[in-house]
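J.: Read off the chains here:
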Amino acid sequence: MDAILLQTLNGLDKGSAYALIALGLTLIFGTLGVVNFAHGALFMIGSFCAVTLSRLLTLSFETVDPTKTDFLGNPAKVKTPYVEAWFGPEAGGTIIDWAVPLAIIFAIPVMIAIGYAMERGLIKHFYKRPHADQILVTFGLAIVLQEVIKYFFGANPIPTPAPEVFKGSFDFGMLIGMDANAVIYPYWRMVYFFFAALIIGGVFAFLQFTTFGMVVRAGMADRETVGLLGINIDRKFTIMFGIAAAVAGLAGVMYTPINSPNYHMGMDFLVLSFVVVVVGGMGSLPGAVLAGFMLGILESFASMNAIKAIIPGIDQIIIYVVAIVILLTRPRGLMGRKGVMED
Amino acid sequence: MSKTTLTRRGVLRSGAVAGAGVALPTIFTASSAAAYTNEPTGSTVTLGFNVPQTGPYADEGADELRAYQLAVEHLNGEGDGGMMNTFSSKELQGNGILGKKVEFVTGDTQTKSDAARASAKSMIEKDGAVMITGGSSSGVAIAVQGLCQEAGVIFMAGLTHSNDTTGKDKKANGFRHFFNAYMSGAALAPVLAARYGADRKAYHLTADYTWGWTQEESIASATEALGWETVEKVRTPLAATDFSSYIAPVLNSGADVLILNHYGGNMVNSLTNAVQFGLREKEVNGKNFEIVVPLYSRLMAKGAGANVKGILGSTNWHWSLQDDASKAFVKSFGTKYGFPPSQAAHTVYCQTLLYADACQRAGTFNPCGVGQALEGFEFDGLGNGPTLYRADDHQCFKDVLVVQGKENPTSEFDLLEVVEVTPAAQVTYDPDHPMFAGGQLGTCNPGA
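Heads up: the protein sequence lines correspond to chains A and B, in order.
Residue numbers for the first sequence follow full-length UniProt numbering, beginning at 1 and rising by one.
Residue numbers for the second sequence follow full-length UniProt numbering, beginning at 1 and rising by one.
Be careful, since some hints might not be right.
As the list claims (entries may be wrong) - Within a straight-line C-alpha distance of at most 27 angstroms, the following computed BS3-like cross-link-like pairs (lysine-lysine) qualify:
1) B:K201 <-> B:K336
2) A:K308 <-> B:K309
3) B:K309 <-> A:K79
4) B:K233 <-> B:K282
Honestly, the hints are just simulated from the structure, not real lab data.
Let the sequences and hints guide you as you build the complete structure.
T.: Given below as structure tokens:
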């Protein structure tokens, strides 16, 4: 029982990341009809927004401390962050400590701008081209973006920790009457899950309860008719591309304390997120979210020793096995709509 | 009277044989002009540095490349001479190798075996490299070592820690200065027993490839010999990025030590995840829960940040060592580049000097002569204390460092501290040890 609960909880945070990325992918596909293989790179750039802000907040000036020496035996240079010099060590230290949550504010305009530039500068030229062309160009763009990040930040992972108050874990099992250490769960992963739920809820509310969202939904259902009504749907879809980029970026920002970001992390998530979109149903937002959480949890279960003892290597293939089974039994995915990608 | 027996089928067969002969890659065929592959005939000799310049180990590859460039400078008499001044052999005079100026070409392994073989092949065939060196992965090292054996050039391995490199996959043309997984286990086990006691239960998470397997086997064997019980061995996919689902069950398993047989990005992520799950703050079986990372790298430790604090592991060399050789290397490298060298930089610098010195002593670049000079060679003054290049398997035997993540680092480089220097005798094993069984060195191949 405790093992099941444990892996369910693990699957929730993994599923949160899949769901957020898949949500953005589906938004872009549903509105613009573009299969965007650069979406994982947007997740990665979001995480590097957190790294960048963390570095900005720790920009320092150097003073020579004659009592200490560096690795060459010269007088050591001591670095003091400007933030600590301006606001005092305590307040400055707290600001630096909260770099990741603060990066949310930093990342939103940056990611919207990147999404906007990407759509206007490159992707709009491929709207009427075959999906294969779109995949090639966006995949190429993803590689360019990750090489740019590697050039500036290097290939090694960069630790970007959570605020001190969210470090460590709590005994979830004891809260529900289980033995000590039966179900341990890190605070930040819980934060990530609730953050993802908030973003997903926000996107759905935006689409459901605003006039803009209503037009976008109408455009997703029948672009031509909306255009005939005199609405500039292209402009609205461009904004949606920016929003989708921001969703992926925010997913990346908040993921940095879970795994130290590196230039390749977008690619690690991209393929799985595409499977999530296909399993959920191309163009279906609820399907993407449902499939994201479902596959995250299944992946967690597949890495249990008891399961691996029965089917060795299942942890590496479970998502693809489930995808095959679902596509065989429900060819449009869990919540796919008729006519999407069927022509 | 003679009878002509030319037939259409015979002509075709002969043509096919002749065509195949012409098409055979030149590196696998004999040349009547040269005594061995890429024999240097001019005033220069070319070495091939095959390191990851792209991909996940690119930073490690960049540090290796810096060290190679430094070694070439020193061999050619430029710079301060670095460890050439402390090296026990005094054959190198700063005038290149055997009077020929050292030049180099580089290749990008991408940390992929096929790409590494392709770049090594190109450096041998097109650039005339007489020796290939480098790599930051055991899979790559084994693949390139095999190619060099076929091509008839010496391979001086870079960062490769799998037992197999000088075990079942050893080759006469291949030589390894870096330590191996068995040595990590032999060095770490006594320190683990002293720190954590002899009554412990260990849980292994292991990267599912050649290096991970030999590391797991080595550490489990060494700790079980102390009386530790191995509770579980779990293999994790090399491509895994989130290890939470593998780490979550650890506390419930009865284990009180987690051993992470991971390297690179795997190590950074699994250690970060383990610390997130609060394992180090827990008490199991009445003891503090402990984490061990058997193979440490400073560059990787940097990626894990504060999570490495207090965690034990082993390393081939560390810049904080205070022997004359290490200080000379750190000064030379640090002055040129502005930061201390990594263990990867150290081992490739040593390999370059060792190769050059062997050529000098042998009086030739012929791989068989160079190999003979390296076999059984005893030396000192390269930062690891007295060292033997064992003839039986071409593995260096030297002291191994047990290190610990530093609690209060004084700089961004000051991440690890040496807690024990394990003498070479304690990490030495028989050439026919079961963990290294299954392969033969064979005979050296000079190529041409």
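J.: Quick one: which hint numbers does this structure break? Sort them smallest to largest.
T.: 1 and 2
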